[in-house]
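Chains as they are written, first to last, in the numbering used here: chain A, 1 to 380; chain B, 381 to 577.
Don't read these hints as lab results, they were simulated from the structure.
Check the hints yourself; a few may be wrong.
Said to hold, decoys possible - Sample of chain B residues facing chain A (criterion: CB under 8 Å; computed from the structure):
1. GLY389
2. CYS487
3. MET488
Backbone N, C-alpha and C define an ideal beta-carbon position, used for all residues, glycine too.
Residues per chain are reported as follows:
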Amino acid sequence: MATASPTELAASAPPSQIMEVAMGPQHPSTHGVFRMDVSLDGETVVKLKPVFGYLHRNHEKIAEKCSYLGSIPYTDRLDYICSLTNNWAYAMTVEKLAGLVPPERAEYIRVILSELTRLINHSALAGFLLQDMGALGTPLMYAFREREKILDLFESLTGARMMCNYMRFGGCRCDLPPGWIEQVRRLVSDFPKFLDEFEALLTGNEILQARTEGVGVLPAPLAVNAGVTGPMLRASGVNYDIRKVDQYGVYGRFQFRVPLGERGDVFDRYMIRILEMRESLKILEQALRDIPGGPIMDPKAKLRNLRPKAGEAYGRIEGPKGELGFYLISDGGPNPYRYRVRPPSLINLTVLEDMCLGQTIADVVVILGSIDIVLGEVDR
Amino acid sequence: MNGAGIIKGMIETARNFAGSYHDEARLTTVQYPEEKLAPVENARTIPFLVYDGAEALPGLRCTACMICEKECPPQCIYIVKDTVKKPDFVGKMQMQPKVFDIDISVCMSCGICVEVCPFDAIKMDQVFELSTGDRFGGLLLNKTQLAKPNDYFNKLHKTEAAEIDLRRVEEKQKAEAAAAAKAAAPAKPPMAPPPAP
Chain A
1 MATASPTELA
11 ASAPPSQIME
21 VAMGPQHPST
31 HGVFRMDVSL
41 DGETVVKLKP
51 VFGYLHRNHE
61 KIAEKCSYLG
71 SIPYTDRLDY
81 ICSLTNNWAY
91 AMTVEKLAGL
101 VPPERAEYIR
111 VILSELTRLI
121 NHSALAGFLL
131 QDMGALGTPL
141 MYAFREREKI
151 LDLFESLTGA
161 RMMCNYMRFG
171 GCRCDLPPGW
181 IEQVRRLVSD
191 FPKFLDEFEA
201 LLTGNEILQA
211 RTEGVGVLPA
221 PLAVNAGVTG
231 PMLRASGVNY
241 DIRKVDQYGV
251 YGRFQFRVPL
261 GERGDVFDRY
271 MIRILEMRES
281 LKILEQALRD
291 IPGGPIMDPK
301 AKLRNLRPKA
311 GEAYGRIEGP
321 KGELGFYLIS
331 DGGPNPYRYR
341 VRPPSLINLT
351 VLEDMCLGQT
361 IADVVVILGS
371 IDIVLGEVDR
Chain B
381 MNGAGIIKGM
391 IETARNFAGS
401 YHDEARLTTV
411 QYPEEKLAPV
421 ENARTIPFLV
431 YDGAEALPGL
441 RCTACMICEK
451 ECPPQCIYIV
461 KDTVKKPDFV
471 GKMQMQPKVF
481 DIDISVCMSC
491 GICVEVCPFD
501 AIKMDQVFEL
511 STGDRFGGLL
521 LNKTQLAKPN
531 DYFNKLHKTE
541 AAEIDLRRVE
551 EKQKAEAAAA
561 AKAAAPAKPP
571 MAPPPAP
């Protein structure tokens, strides 16, 4: 029997077939009700179409029918892991619209809460990312253990663990309970120990490195052109942090550095978050040291029946996931004429296909995990 | 060395595992139905109506002013005003609710009703085992189910309740003093300037 030549083999082989797989919306790795229609050649991704909207709940239209105060609890539910930064972005926009100035103590409280939120978000993300890689349980449980401690602090201050509904335009809802600052100080001094442990567990791990290095590379020009913000942009090496650019609130007073990545792969995105947590701890230390006494509400602020003068305002903050912005147009009535959210998750998600093409299906899960999306914010 | 990172990680896991037997910081879970954590003072779940005195419905602080119904973001409060007024704690005649319903399946526990209430009549409860098989009637609470005594409020939110009670006592004394002054000088000519407050 004569051996077939390579040309004969290629001619007799079946033509390469593209298989379409619908990952989600009930797939455990899609971080919520998100679907990816993936076209596969063997194991390689040739096309990826994100499908979302399963969690759409008319957030913007509801807010246009709600009073300015009534929208605050709804902003909690955008990015439900980081409700306090959402509160801040919204409150800041209404303050711009109505010309309110929060007192200094309120600004410091906001910085403390927002940096604690960043710790929550980044530790949860690192845990989930490892979960996506198949490290089921262990890193996630360690991360959630630390998150619980911060949630306890949120509960004792705001009354709720996740849907905090704490910040108001013109300040904050209530003052810090006695002993709260000491509790945060203790947490901040203990947290580096957890980070060291977490890094000992993960950063040097060969499996993690093999799964993440060179995977899902996002080149800096593409990231900038797509409007990607937050840790994802900085992992691609672009130095852009709204805390430094705008210096909103009292961020201009704190010494901290902005970590930057080099290659823009999944490993850089993981590492940026770990480094950002360390910088957040530095900000927290300074804020806890400098927090002044005094009122927590602007005396001009009135919560009920707020009717800002006709006009528009855009307020943005560096949320844990990227630039979180609110755009409001007032026509002088008790509710905004137009209310628009600029969600970092949705805009960071737009580059998903570019990062996934040519990668294997198992990497898609990891790449999606490294974007850090929350579907409450993507779908609104 | 290849594999050193994995071994380092395993040591960390082993340390956490061993630590979970003696270190409180490493084992933070409680066995829920058997063991329950006491809620913190600020914790909030669903609203309730505060009443003073021994009887629930006559003692309700609510004056059916409809502010909470208007401000509630998910619109879960439903109030109908009564036609009969009743005196409040300083003796002023006030409206009272004929119907006061809260649909707790809609309520999102934001606490805006508490914030806007000018009469300290609605406060946040801390009960959390609210699940029921009857999702319509069982989750629509009427004013009899919502009414809780002031002592209960004092037990939940100590600091806040103490402040409110103090303020109410002061207001009552002021009102009584004003009434006494009015009663003591009934024969004043109508053109006289009002006494300084």
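*So which of those numbered hints doesn't the model satisfy?*
2
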